[in-house]
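In the order they appear, the protein sequences are chains A and B.
Here the first sequence stands for residues 3 to 117, where the numbers follow my numbering.
Here the second sequence stands for residues 176 to 288, where the numbers follow my numbering.
By construction, these hints were calculated from the structure, which means they are not laboratory data.
You may find that some hints are simply not true.
[Unchecked claim] Some chain B residues near chain A, calculated using beta-carbon distances under 7 Å: (1) Y206; (2) L214; (3) K217; (4) V218; (5) N227; (6) E228; (7) E231; (8) E243; (9) G247; (10) F266; (11) G275; (12) F279.
All residues carry an ideal CB built from backbone N, CA and C; glycine is no exception.
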Amino acid sequence: GQQLNQSPQSMFIQEGEDVSMNCTSSSIFNTWLWYKQDPGEGPVLLIALYKAGELTSNGRLTAQFGITRKDSFLNISASIPSDVGIYFCAGQLARASGGSYIPTFGRGTSLIVHP
Amino acid sequence: EPEVTQTPSHQVTQMGQEVILRCVPISNHLYFYWYRQILGQKVEFLVSFYNNEISEKSEIFDDQFSVERPDGSNFTLKIRSTKLEDSAMYFCASTKTVSGELFFGEGSRLTVL
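Please model the complete structure; the sequences and the hints are all you need to start from.
In structure tokens:
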């Protein structure tokens, strides 16, 4: 199956700083998804990207679908303490591409924000 | 807001015992999934279920695992004879369409001793 490389593995930042994390894959995806997982809870979808080159924002979050369809990044601006959690990227193929539509998850980026 | 609910939130069991994890997907969703997350690792796909049958499964989902939708609301994951390495957080998810957004439950933590 597809493998996703997500980096960095963890980040320790001060409140107010901007954050950037990314995912790369050896194969292409039709959809990139970014999820956040709070401690003891399930992942929650933050942003979905459906088109190569697409740049999408959701409040202080901005994500982009790489032109090559093999990468995506997520930026968080002006971080706040509640941004703490684990951020997962996930890639998804469309059925028409002949691959599984089941999202493949990266290993996650653990974010800690110091007040 | 509709949500996926899972029970139990935490289960401790002895190796070799059978475990059933329960999920109630969002009511108008048609596609159901189980994922697992070993502590500190990524979320791994186990199985997807649609129209009362498994539509896709991963290598992890061996003969020890089974899924069932016994009635119109519940979706269960059974592990027949648990192993130590089955200790993980198990997440149920559902979607309205085959490629729609996955809505995850809060997870069931399984600890096998």
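Here's how the hints hold up against the structure:
no., hint, in the structure
1, Y206, "violated, 9 Å"
2, L214, "violated, 12 Å"
3, K217, "holds, 4 Å"
4, V218, "holds, 4 Å"
5, N227, "violated, 19 Å"
6, E228, "violated, 16 Å"
7, E231, "holds, 6 Å"
8, E243, "violated, 20 Å"
9, G247, "violated, 22 Å"
10, F266, "holds, 5 Å"
11, G275, "violated, 10 Å"
12, F279, "holds, 3 Å"
In terms of the numbered hints stated before, the structure departs from hints 1, 2, 5, 6, 8, 9 and 11, listed from lowest to highest.
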